[in-house]
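J.: Residue-level listing of the chains:
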Amino acid sequence: MSAQLEIREVSKAFGGVQAVTRVSLDVPRGEMLSVIGPNGAGKTTLLNMVNGFYHPNSGRIVLDGVDITEHHPSAIATLGVARTFQNIALFRGMTVLDNLMLGRHVHMKAGVLSSFVYWGLAQKEEVAHRKRVEDLIDFLKIQDLRRRPTGSLPYGLQKRVELGRALALDPKILLLDEPMGGMNQEEKEDMARFILDVNEEWGTTIALIEHDMGVVMDISDRVAVLDMGQKIAEGKPDEVRSNPAVIRAYLGEKRDGSAR
Amino acid sequence: MIHRECGVLKTTYEADMALYPLPIAKWTVAALAVFFFVVLPLSVHEYYLSVVNLCSIAIIGALGLNILVGYTGQISVGHGAFMSVGAYTAANFAVRLGAPWPVNLLAGGLMAAAVGAVVGMPSLRIKGLYLAIATLAGQLIIEWTINHVTFISGGVQASIEVPRPEIFGYRIASQVQMYFFLLVFVVLALVGTMNLMRSRIGRAFIAIRDHDIAAELIGINIFRYKLLAFAVSSFYAGVAGVLYTYYLGVANYEQFQINVSIDYLAMIIIGGLGSVQGSVFGAIFVTLLPIVIRYAMEAFGGLFFSEASVLNIIPNLRLILFGALIIVFLVVEPEGLNRLWRNIRSYFRVWPFAY
Numbered sequence: 001m002s003a004q005l006e007i008r009e010v011s012k013a014f015g016g017v018q019a020v021t022r023v024s025l026d027v028p029r030g031e032m033l034s035v036i037g038p039n040g041a042g043k044t045t046l047l048n049m050v051n052g053f054y055h056p057n058s059g060r061i062v063l064d065g066v067d068i069t070e071h072h073p074s075a076i077a078t079l080g081v082a083r084t085f086q087n088i089a090l091f092r093g094m095t096v097l098d099n100l101m102l103g104r105h106v107h108m109k110a111g112v113l114s115s116f117v118y119w120g121l122a123q124k125e126e127v128a129h130r131k132r133v134e135d136l137i138d139f140l141k142i143q144d145l146r147r148r149p150t151g152s153l154p155y156g157l158q159k160r161v162e163l164g165r166a167l168a169l170d171p172k173i174l175l176l177d178e179p180m181g182g183m184n185q186e187e188k189e190d191m192a193r194f195i196l197d198v199n200e201e202w203g204t205t206i207a208l209i210e211h212d213m214g215v216v217m218d219i220s221d222r223v224a225v226l227d228m229g230q231k232i233a234e235g236k237p238d239e240v241r242s243n244p245a246v247i248r249a250y251l252g253e254k255r256d257g258s259a260r
Numbered sequence: 001m002i003h004r005e006c007g008v009l010k011t012t013y014e015a016d017m018a019l020y021p022l023p024i025a026k027w028t029v030a031a032l033a034v035f036f037f038v039v040l041p042l043s044v045h046e047y048y049l050s051v052v053n054l055c056s057i058a059i060i061g062a063l064g065l066n067i068l069v070g071y072t073g074q075i076s077v078g079h080g081a082f083m084s085v086g087a088y089t090a091a092n093f094a095v096r097l098g099a100p101w102p103v104n105l106l107a108g109g110l111m112a113a114a115v116g117a118v119v120g121m122p123s124l125r126i127k128g129l130y131l132a133i134a135t136l137a138g139q140l141i142i143e144w145t146i147n148h149v150t151f152i153s154g155g156v157q158a159s160i161e162v163p164r165p166e167i168f169g170y171r172i173a174s175q176v177q178m179y180f181f182l183l184v185f186v187v188l189a190l191v192g193t194m195n196l197m198r199s200r201i202g203r204a205f206i207a208i209r210d211h212d213i214a215a216e217l218i219g220i221n222i223f224r225y226k227l228l229a230f231a232v233s234s235f236y237a238g239v240a241g242v243l244y245t246y247y248l249g250v251a252n253y254e255q256f257q258i259n260v261s262i263d264y265l266a267m268i269i270i271g272g273l274g275s276v277q278g279s280v281f282g283a284i285f286v287t288l289l290p291i292v293i294r295y296a297m298e299a300f301g302g303l304f305f306s307e308a309s310v311l312n313i314i315p316n317l318r319l320i321l322f323g324a325l326i327i328v329f330l331v332v333e334p335e336g337l338n339r340l341w342r343n344i345r346s347y348f349r350v351w352p353f354a355y
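Just so you know, the protein sequences line up as chains A and B, in that order.
Residue numbers for the first sequence follow the numbering used here, so the first one is 1 and each next one is one higher.
Residue numbers for the second sequence follow the numbering used here, so the first one is 1 and each next one is one higher.
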């Protein structure tokens, strides 16, 4: 089975800081992959490169056979890569509904003239996409928040709306940067359920960064571990958990060099 | 508009996404239409109607600037220059080719849009104050070019007389006729802007203003949409410039200098950034301010100053009040007149049962 997303030997340096060094990763279609690692390991930089926010110094990134290494973020989004951020990146002044409708942007076609006239083509299109957005609103159980400006929502719900906006893109692959960061146990469980449902019901490929090991081990098909910009382990959650290199990265090592 | 929304149930998305989702709002719009199309033109003196006409032109220009500054978050100090591009394009079309007014209007708007998009190019790299300076440069370059290239400006005075517009052989000469002529474009601009802002393109503009990184992430090509915002905004400016030229009967670069750009910025700041209603309020307010000041000074100025100095004070007082008002609005009510209006509205929304 060929991978949907192939990351080939990518490296990225910021000035003298080597953030990511020759990392390769294959993400098969429909997989739930977790990327873990200590702070500063280069996880977010890796996602930013897949996303097109950074272009790698060397290496290639291929999505469905298309080389997207040098693509712009908006072009990559058009190809079906959606993303959420560690610190929420919603349009705070706009309502939940408008945020989700913006997620449909790449699937809509109305230009300046038909938008200006509105009645006719643009309205038809708005209604069609509104239906899809309403499905998502139902799925995420945020029916009562439609008209609320996102800036006024509590943190956990903002994360949920951001997931909704990413899903509105109908992504082939979903990149989640700490979707459960800063949440309490109950919110984490809700979010984990939504992510699992997306993966299982719609078959969306998911790559997520997460620090909560309990969640990571529970929901992932596979786990990749980064440390100091390098991939030090990759495999099923159980294999990774007992991998000495991983334990060393997280907990350090004893004086005699063996893992703790 | 003041009305109640309880008991209004919607069963289709079309109804939910309507411009005015409440039934009573349709009556309000109808009442406004009767007022502006029948009552006002029949009851008001020519002179006041000419002031209303100035407001109409300002509304179209302010709507355009608000699309760029208020909705897309890109500052521009070149709005006056874009108006002049429209004005001189139309004037040249009218005089050299003898083209009818719809052609001139469209040509003026499109030329302004093209020039606006070029001036907007730096917006990809720079923001805020730096973009303001870049567009200021655009304003000055356009001003200089029109003034010095005789092919465009038609000679030393840099003014071109244009014939009055004709509709089906019917010449628009009086202020009443001009009023109806302009009113059509005001309505078009208002409805069009509201439509634009509630559909795909407008949402993308607002997304760029609110969070440009997130906008790119969901597939909005920022460069293209920023230029589009400049083009659309300048199209409005160009059309306003053409209409102003028809209103005056002459295209003259002095009517489109830097102070005009500042006036338009003041309109949308005082009226309310990112709001169609605010553009209207601001345009009317800023257009009426000097006129009201002149009347007030002529009536009461003699009580405080000598007759001779009153005449000197009037233009200066306008500038003083203008500056003071912008500061007051920025500090006290950054969302402008539109916010004041919304506050009044929401107070009466549940009045008299405030809980």
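Simulated from the structure, these hints should not be mistaken for lab results.
Values in this document were obtained by computation on a predicted structure and should not be read as measured data.
Honestly, I wouldn't trust all of these hints.
[Said to hold, decoys possible] Going by beta-carbon spacing under 10 Å, a handful of chain A positions derived as facing chain B:
no. : residue
1   : 84
2   : 91
3   : 116
4   : 131
[What the hints assert, rightly or not] Heads up, simulated PhoX-like pairs for lysine-lysine below, C-alpha to C-alpha not over 25 Å straight-line:
no. : chain 1 : residue 1 : chain 2 : residue 2
5   : A       : 141       : B       : 10
6   : B       : 127       : A       : 131
7   : A       : 188       : A       : 236
8   : A       : 172       : A       : 254
9   : A       : 172       : A       : 109
10  : B       : 26        : A       : 124
11  : A       : 131       : A       : 172
12  : A       : 131       : A       : 141
13  : A       : 172       : A       : 188
14  : A       : 109       : A       : 124
15  : A       : 141       : A       : 188
16  : B       : 127       : A       : 124
C-beta atoms are modelled at their ideal positions from N, C-alpha and C, and glycine is treated no differently.
J.: Hints first: check each against the structure and report whether it holds.
T.: Cross-check of the supplied hints:
no.: 1; hint: 84; in the structure: holds (9 Å)
no.: 2; hint: 91; in the structure: holds (4 Å)
no.: 3; hint: 116; in the structure: holds (4 Å)
no.: 4; hint: 131; in the structure: holds (7 Å)
no.: 5; hint: A/141 - B/10; in the structure: holds (20 Å)
no.: 6; hint: B/127 - A/131; in the structure: violated (36 Å)
no.: 7; hint: A/188 - A/236; in the structure: holds (22 Å)
no.: 8; hint: A/172 - A/254; in the structure: violated (44 Å)
no.: 9; hint: A/172 - A/109; in the structure: holds (20 Å)
no.: 10; hint: B/26 - A/124; in the structure: holds (22 Å)
no.: 11; hint: A/131 - A/172; in the structure: holds (20 Å)
no.: 12; hint: A/131 - A/141; in the structure: holds (15 Å)
no.: 13; hint: A/172 - A/188; in the structure: holds (24 Å)
no.: 14; hint: A/109 - A/124; in the structure: holds (11 Å)
no.: 15; hint: A/141 - A/188; in the structure: holds (15 Å)
no.: 16; hint: B/127 - A/124; in the structure: violated (36 Å)
The structure fails to meet hints 6, 8, 16 from the earlier list, while all remaining hints are met.
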